[in-house]
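For the sequence shown, the residue numbers in the working numbering are 240 to 692.
Rather than coming from a laboratory, the hints here were simulated on the basis of the structure. Please read all numbers here as calculations on a predicted model, not as lab measurements. All C-beta atoms in this analysis are idealised placements derived from N, C-alpha and C, irrespective of residue type, glycine included. Among the hints, erroneous ones may be present.
[Unchecked claim] DEER-style ranges, computed between Cβ atoms: (1) 385 <-> 629: 37 to 47 Å; (2) 354 <-> 515: 34 to 44 Å; (3) 632 <-> 515: 38 to 48 Å; (4) 284 <-> 663: 15 to 25 Å; (5) 348 <-> 461: 25 to 35 Å; (6) 673 <-> 386: 49 to 59 Å.
[Stated by the list, open to error] With a straight-line cut-off of 20 Å between C-alpha atoms, the simulated DMTMM-like cross-links for lysine to aspartate or glutamate are: (7) 308 <-> 271; (8) 465 <-> 455; (9) 681 <-> 639; (10) 681 <-> 663; (11) 465 <-> 677; (12) 465 <-> 476; (13) 308 <-> 640; (14) 465 <-> 506; (15) 681 <-> 640; (16) 681 <-> 480; (17) 681 <-> 474; (18) 465 <-> 514; (19) 385 <-> 506; (20) 465 <-> 277; (21) 568 <-> 454; (22) 308 <-> 277; (23) 465 <-> 431; (24) 465 <-> 271; (25) 465 <-> 422; (26) 465 <-> 510; (27) 681 <-> 654; (28) 385 <-> 401; (29) 465 <-> 667; (30) 385 <-> 271; (31) 568 <-> 654; (32) 681 <-> 646; (33) 681 <-> 476; (34) 465 <-> 415; (35) 385 <-> 278; (36) 568 <-> 558.
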Amino acid sequence: MPIRPLPILATALLATATQLGCEDASARRAADAQVTIDEASRSLRYAVLAPPPADDPEAIATTRSALQKVASSLTGVSETPGQEAAAALLVSTAKRELATIGLAEAETLAATHRRQREIVHGQIDAALRLDTLATTLERQVGGPHKTSLASARTDVSGRIQDLSRRIAELDGPIADRESQNRDERVMIAQLDGQAAQLRRQASEVGHLAGLPTFEEAVRIEREADKYESQIAHRENDLQFDLRPEHELASTRVGFLQSMLNEIRSSEVALDARNEMRSTQVQQTRQAVNAYRNEIQTTLSEMQNAWTDTLLPQYESALEHANAAVSQAKRASSKGPRDERDAVRLALARAHELAANVHTSRARELAGQRLLLERLGAAGNTFGRGADYARTADELRAAEEEAIGQAEAELQSAREELEQVGSRDAAAEVSAFRAGLDERLQKITARSSEPALP
């Protein structure tokens with residue numbers, strides 16, 4: 240969820256930056272720097288308040304270019320401590336938005352990889368079942384073996400029933416969350432409209448007279464932020480838990496249903512003559528080989544996408560997030576003491592965003608690792624078992640490293656929150672801290688074998 244700008248903080252820092260005269264060259268340079276800061280602030284405000292749609296690459300590219308221009312335009316602005324702090328805070332915000340855009344793009348591709356892995360898991364299920372079936376048929380050539388096939392059919396039917404029950408169990412929570420999100424998005428739109436109207440009213444009557452109206456607008460925006468946070472939490476549950484499990488279960492039901500049909504056909508064929516069994520063995524082995532070839536092709540494509548696109552996207556997002564942290568620290572060291580609580584809060588948000596990048600990367604590594612571990616554990620069915628196992632070990636190490644880095648960033652965010660003493664921000668800080676603590680506890684208590692993503 241994009242973080243809304245902090246206009247009160249920016250106003251305070253910029254007010255500090257403008258306390259200068261125009262008697263000499265230094266003052267003129269400071270005045271020029273102030274113009275640059277004001278222009279960058281306006282550009283940044285527009286980019287943050289009008290985020291591009293996730294499905295509009297052209298709009299995303301335009302916003303990214305605008306944010307990069309804001310950051311580059313403020314390079315070297317340091318005529319006064321106040322100006323340096325204001326510039327650093329603006330750059331930090333721009334970098335944070337760039338990191339958010341980059342992470343969203345990375346997670347879009349990662350979602351594609353998750354769907355590909357779901358298909359591969361289904362192909363593995365089918366191939367292993369077919370391999371077992373072929374072995375069974377080979378042993379049964381020379382006589383009827385309906386008992387074994389009946390057992391396999393019962394097993395597959397039971398799996399389909401179990402998965403179908405699980406799908407039905409997931410339908411309710413998914414529908415509830417989607418309904419709640421729709422309702423709260425309507426509420427957010429209403430609150431945003433109210434806030435926008437109040438901001439216009441405040442602007443029309445002037446800064447001093449409009450301050451209460453402006454503060455009411457900020458309060459409404461924070462209320463909207465709470466709804467957005469709730470929506471984001473539910474979307475996280477939907478995107479990374481409920482929907483993937485639902486989709487994976489549905490995919491497996493399809494594969495198992497196809498397998499069930501094959502088993503029933505095999506029962507009929509076995510009743511006819513043993514020669515057909517031999518033919519089925521050959522066809523089944525061919526199907527296993529076809530699955531193996533498809534799996535290897537998919538893995539190669541995913542590896543290329545990881546190396547060429549997804550990994551660079553994660554690295555770019557992390558670079559921007561780290562820059563946001565660095566610039567927020569700079570703003571904290573240069574800005575007025577009475578505004579440092581707000582800057583520390585912005586710094587904590589930047590640390591949290593860096594943790595999100597590491598977490599997303601760890602999740603992608605875990606998904607790929609679990610897939611390769613299944614392939615490696617399948618023995619000779621898919622070939623290259625040792626290679627798959629070795630690569631899975633490497634992915635586990637990279638996954639653990641990413642989780643450790645995410646934990647460190649979350650700890651850093653929490654440390655910044657501990658230094659925030661403003662009573663006005665107490666509720667926000669408390670909620671923020673609770674969220675960080677929950678994530679840290681999950682990292683500490685996480686199982687050694689997470690669920691399939």
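Now the hints, each set against the structure:
Between residue 385 and residue 629 the beta carbons are some 42 Å apart, a value that agrees with the proposed interval 37 to 47 Å. Take residue 354 and residue 515: their Cβ atoms lie about 37 Å apart, and the range 34 to 44 Å holds. Between residue 632 and residue 515 the beta carbon distance is about 44 Å. The supplied range of 38 to 48 Å therefore holds. Between residue 284 and residue 663, the C-beta spacing of about 22 Å keeps the proposed range 15 to 25 Å intact.
The hinted range of 25 to 35 Å is satisfied by residue 348 and residue 461, whose Cβ atoms lie roughly 33 Å apart. Residue 673 and residue 386 have their C-beta atoms about 58 Å apart, which keeps the hinted 49 to 59 Å range intact. For the proposed pair residue 308 and residue 271, the alpha carbon gap of about 17 Å is at most 20 Å, so the pair holds. Straight-line distance between C-alpha atoms of residue 465 and residue 455 comes to about 15 Å, which keeps the hinted pair within the 20 Å bound.
For a cut-off of 20 Å, the pair hint linking residue 681 to residue 639 stands: about 14 Å separates their Cα positions. Under the criterion of a C-alpha separation no larger than 20 Å, the hint pairing residue 681 with residue 663 is inconsistent with the structure, at around 29 Å. Between the alpha carbons of residue 465 and residue 677 the distance comes to roughly 17 Å, so the proposed pair stays at or under 20 Å and holds. Straight-line distance between C-alpha atoms of residue 465 and residue 476 comes to about 17 Å, which keeps the hinted pair within the 20 Å bound.
Simply put, residue 308 and residue 640 have alpha-carbon atoms about 33 Å apart, too far for the 20 Å limit, and the pair is violated. Distance restraint check for residue 465 and residue 506: the Cα-Cα separation of roughly 59 Å exceeds the 20 Å cut-off, and the hinted pair is therefore not satisfied. Among the hinted pairs, residue 681 with residue 640 is consistent with the structure: their alpha-carbon atoms are about 16 Å apart, no more than 20 Å. The straight-line distance between the Cα atoms of residue 681 and residue 480 is roughly 15 Å, inside the 20 Å bound, and the hint therefore holds.
Distance hint between residue 681 and residue 474 is fulfilled; the C-alpha atoms sit about 18 Å from each other, no more than 20 Å. A hinted pair counts as satisfied when its Cα atoms are at most 20 Å apart, and residue 465 with residue 514 does not qualify at roughly 68 Å. About 6 Å separates the Cα atoms of residue 385 and residue 506, which keeps this hinted pair within 20 Å; it holds. Of the pairs offered as hints, the one joining residue 465 and residue 277 is violated, with about 29 Å between alpha carbons and a cut-off of 20 Å exceeded.
Taking the CA atoms of residue 568 and residue 454, the gap is near 27 Å; set against the 20 Å cutoff, the hint is violated. The straight-line distance between the Cα atoms of residue 308 and residue 277 is roughly 14 Å, inside the 20 Å bound, and the hint therefore holds. For the proposed pair residue 465 and residue 431, the alpha carbon gap of about 12 Å is at most 20 Å, so the pair holds. For the proposed pair residue 465 and residue 271, the alpha carbon gap of about 39 Å is over 20 Å, so the pair is violated.
Under the criterion of a C-alpha separation no larger than 20 Å, the hint pairing residue 465 with residue 422 is consistent with the structure, at around 14 Å. With a C-alpha separation of about 65 Å, the suggested pair residue 465 and residue 510 falls outside the 20 Å cut-off, and the hint is violated. A C-alpha spacing of about 18 Å is found between residue 681 and residue 654, which places the hinted pair at or below 20 Å, so the restraint holds. In summary, the hint linking residue 385 to residue 401 is not supported, as the alpha carbons are separated by about 24 Å, beyond the 20 Å threshold.
Distance check on the hinted pair: residue 465 and residue 667 sit about 10 Å apart at the alpha-carbon level, within 20 Å; holds. At most 20 Å may separate the alpha-carbon atoms for a hinted pair to count; residue 385 and residue 271 exceed this at roughly 88 Å. Among the hinted pairs, residue 568 with residue 654 is consistent with the structure: their alpha-carbon atoms are about 13 Å apart, no more than 20 Å. For the suggested pair residue 681 and residue 646, the alpha carbons sit about 10 Å apart, so the restraint of at most 20 Å is met.
Proposed proximity of residue 681 and residue 476 is supported: the alpha carbons are some 14 Å apart, at most 20 Å. At roughly 19 Å between alpha-carbon atoms, residue 465 and residue 415 fall within 20 Å of each other, so this suggested pair holds. Of the supplied pair hints, the one linking residue 385 and residue 278 is violated, its CA atoms being roughly 80 Å apart against a limit of 20 Å. Taking the CA atoms of residue 568 and residue 558, the gap is about 15 Å. The hint holds against a cut of 20 Å.
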